[in-house]
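All chains, please: the whole structure from these sequences, using the hints.
In the order they appear, the protein sequences are chains A and B. Letter by letter, the first sequence follows residues 1 to 248 of the numbering used here. Letter by letter, the second sequence follows residues 249 to 601 of the numbering used here.
Calculated from the structure, these hints are not laboratory results. Note that the structure is predicted; figures quoted are calculated from it, not measured. Check before you lean on any hint, since a few could be wrong.
[Claimed, not checked] A short, non-exhaustive set of chain B residues, derived as facing chain A with CB atoms under 8 angstroms:
#1 Lys288
#2 Ser292
#3 Ser294
#4 Ile323
#5 Lys511
#6 Gly534
#7 Gly562
#8 Asp579
[To be verified] Just a sample of chain A residues kept apart from chain B, beta carbon distances all over 12 angstroms, derived:
#9 Arg78
#10 Glu108
#11 Lys115
#12 Pro122
#13 Glu169
#14 Lys236
Note that CB positions come from ideal geometry on N, CA and C, so glycine has one too.
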Amino acid sequence: MKKRGKIKVAFFDFTGCEGCQLNKLNLENQLLDILEHVDIVEFREAMDDKAEFYDIAFVEGSISTPECVNRINDIRRRSKVLVAIGACATNGGINSLKNIHDIDEVRETVYREHKYLFPTLPAMPLHAIVKVDYKIYGCPMTQEEFLKVFKSLVMGKKPQQPDYAVCVECKLKENECLLQRGIFCLGPVTRAGCGARCPSFGQSCIGCRGFVSNINQNASIEVLKRYGYSVEEAVKRMNMFNVTEMKM
Amino acid sequence: MDKKKLSLVQFKRVRLNEKQLRNFTGFLKTKGRVYAPHRKGEKSFSFQEVDDPSKVVFNYPRTILPLKKFFQPPIETLLEFTINDNSYELPDIDNKNKIFFGVHSYDMQGVLRLDYVFSRGEPEYNYLKRRENSTFIGISFEPDEYHFSGSVGIDVENTEGFSIFIDIVDEDNYVVFACDNTGEELLKEYGIKDFESGEYKLKEREFKAKLKYHYGRLPQIFEKCYNYDVWKKVSERCLGCGNCNLVCPTCYCFDVEDDVDLKIEMGSRTRRWDSCMLNEFAMVAGGENFRKELYQRTRHRLHRKFKYITDHYGYPFCVGCGRCSQYCPADINMVEVVNDLIKEHEEREKVYV
Ligand code: SF4
Ligand code: SF4
Ligand code: SF4
Ligand code: SF4
Numbered sequence: 001m002k003k004r005g006k007i008k009v010a011f012f013d014f015t016g017c018e019g020c021q022l023n024k025l026n027l028e029n030q031l032l033d034i035l036e037h038v039d040i041v042e043f044r045e046a047m048d049d050k051a052e053f054y055d056i057a058f059v060e061g062s063i064s065t066p067e068c069v070n071r072i073n074d075i076r077r078r079s080k081v082l083v084a085i086g087a088c089a090t091n092g093g094i095n096s097l098k099n100i101h102d103i104d105e106v107r108e109t110v111y112r113e114h115k116y117l118f119p120t121l122p123a124m125p126l127h128a129i130v131k132v133d134y135k136i137y138g139c140p141m142t143q144e145e146f147l148k149v150f151k152s153l154v155m156g157k158k159p160q161q162p163d164y165a166v167c168v169e170c171k172l173k174e175n176e177c178l179l180q181r182g183i184f185c186l187g188p189v190t191r192a193g194c195g196a197r198c199p200s201f202g203q204s205c206i207g208c209r210g211f212v213s214n215i216n217q218n219a220s221i222e223v224l225k226r227y228g229y230s231v232e233e234a235v236k237r238m239n240m241f242n243v244t245e246m247k248m
Numbered sequence: 249m250d251k252k253k254l255s256l257v258q259f260k261r262v263r264l265n266e267k268q269l270r271n272f273t274g275f276l277k278t279k280g281r282v283y284a285p286h287r288k289g290e291k292s293f294s295f296q297e298v299d300d301p302s303k304v305v306f307n308y309p310r311t312i313l314p315l316k317k318f319f320q321p322p323i324e325t326l327l328e329f330t331i332n333d334n335s336y337e338l339p340d341i342d343n344k345n346k347i348f349f350g351v352h353s354y355d356m357q358g359v360l361r362l363d364y365v366f367s368r369g370e371p372e373y374n375y376l377k378r379r380e381n382s383t384f385i386g387i388s389f390e391p392d393e394y395h396f397s398g399s400v401g402i403d404v405e406n407t408e409g410f411s412i413f414i415d416i417v418d419e420d421n422y423v424v425f426a427c428d429n430t431g432e433e434l435l436k437e438y439g440i441k442d443f444e445s446g447e448y449k450l451k452e453r454e455f456k457a458k459l460k461y462h463y464g465r466l467p468q469i470f471e472k473c474y475n476y477d478v479w480k481k482v483s484e485r486c487l488g489c490g491n492c493n494l495v496c497p498t499c500y501c502f503d504v505e506d507d508v509d510l511k512i513e514m515g516s517r518t519r520r521w522d523s524c525m526l527n528e529f530a531m532v533a534g535g536e537n538f539r540k541e542l543y544q545r546t547r548h549r550l551h552r553k554f555k556y557i558t559d560h561y562g563y564p565f566c567v568g569c570g571r572c573s574q575y576c577p578a579d580i581n582m583v584e585v586v587n588d589l590i591k592e593h594e595e596r597e598k599v600y601v
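This is the structure in structure tokens:
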């Protein structure tokens, strides 16, 4: 535990829907306890102050313009620990779907004749540009996981985060497996931590928390094929939240 | 008929119809908490506490999770601590009377195998405490395409561990055997006065899935198979999701985690099931991973079932329940993997002899 002064914490956002930011503001009940340990020095959603230096910077959203690149480099320089929060920041998230199209086509579709006013890049996770110390996954990230990582950082220890499949949490709850009912589910390759929320309500996991590391991608496509999807369809399903992690 | 099937004959028995058997289940509730298979979702079953005996399922292929969930819960609090004064408290472990109704022979063997590992060396207090005061009532089943307990020496009618065993003749015909004094007492208290004895003809039950060799010959194969091709072939299809471990009645690995409250004053230590098929299972401090590759993990899992513990226990640490195969998203089948190993073994021996 840090004794000398309070820890300076800042929040930043890049390309994303700001769902993760809002999810933090919803932490009303816990916020007072958090503030005992930290000073929040920058948080666009909630305040206007600026600071020169941060002990922890929480960054949401993906990098998608040259301007983002400069800004994230600047934030990195001023932060001791940088934490990527939410799918957009950790693996590019849904934004990266644009990467599978021609970038000019994308600009054309969005900005029409004004496209030259808006330079754009393929959507990238933060770690494509700067060193990221920790990641909080999910679309949106969950409050539980945010608090867990937050507490570990305040205590100065490495957060314990799952790098196993959603199936693990699903089995711990003894849910009826969707596969058993002939419905495919991305749980076997998706990173746990959500408590298998969707399968617990009988919904397939759509992979919003990104892949577990080192997934066997060919095997996953084979499995989707077994459930009647074509290769294109299988890739499409896996792409939804995971374009930047696909190896094809 | 082999020896084990004959052994049922030595027990007193009584015939009950469906209604009587449900009544008996209801009566058991006066003796402790009763757990029995219930429907779970559309196609699955699960051991749940009996509330309404009419909801108990007598005839089912297998439950999602085995009985281990009662003795080694999926997530359990090991202790609660206070940071300021460095003190801690242990939670109360529930060891009240429990009756497990409708257990299949392979699942009973699963419990007996866990008893073995948890009572050796440093005895596992929480497990053994929860395991106290448990009574088991077995029931027969029709082997489906995944069951292969016959191949690891466990017949459908294996009564080891049971106080009562129920043979399902048909939907309204159950033959209930009193396998020990506890069982006999329970039946008497329920109101059974006359027991039958003597000749009892069992239905012939065939296992559709079979290992090619008698389990006694498997150690010979596992002695030599470390570098066989089968491991890599299987793992090309494997997702490393861990489903196979989590549902297995003889897997007991766990991970321990500490969590503190936001004020950083109090906290708790919990443990949850882990699985050797998962990425990080063999990772140690510093980030070194001893079984980085999937094929190494598959190989470890099977050695763990058929070699490592078998070497001192004598029997495979797989009870042939078929859960790992049924719940594998990649359709990797335990029987096929072992039979492929046997095949590769035969081929290699042929070449080198
Ligand atoms: S429902 Fe999905 S997440 Fe749950 S066990 Fe089945 S495949 Fe895994
Ligand atoms: S189950 Fe899958 S889609 Fe649902 S919250 Fe978890 S990771 Fe996201
Ligand atoms: S359940 Fe199947 S795919 Fe998943 S780890 Fe086990 S063998 Fe591999
Ligand atoms: S290895 Fe598979 S078949 Fe054997 S006991 Fe475990 S889950 Fe059942």
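Hints and how they fare:
1. Lys288: B/Lys288 check passes; min Cβ-Cβ to chain A is 5 angstroms, inside 8 angstroms.
2. Ser292: 4 angstroms, holds
3. Ser294: 5 angstroms, holds
4. Ile323: 6 angstroms, holds
5. Lys511: 6 angstroms, holds
6. Gly534: Violated, because the Cβ-Cβ distance from B/Gly534 to chain A comes to roughly 12 angstroms (cut-off 8 angstroms).
7. Gly562: Hint violated; B/Gly562 Cβ to chain A Cβ min 29 angstroms, cut 8 angstroms.
8. Asp579: It holds, given that the least Cβ distance between B/Asp579 and chain A is near 7 angstroms, below 8 angstroms.
9. Arg78: It holds; A/Arg78 is separated from chain B by about 26 angstroms at its closest Cβ, greater than 12 angstroms.
10. Glu108: Non-interface label stands for A/Glu108: nearest chain B Cβ at 39 angstroms, farther than 12 angstroms.
11. Lys115: Non-interface label stands for A/Lys115: nearest chain B Cβ at 41 angstroms, farther than 12 angstroms.
12. Pro122: 28 angstroms, holds
13. Glu169: Nearest chain B Cβ is 9 angstroms from A/Glu169, so the label is violated.
14. Lys236: Given that every Cβ of chain B is farther than 12 angstroms from that of A/Lys236, nearest at about 19 angstroms, it holds.
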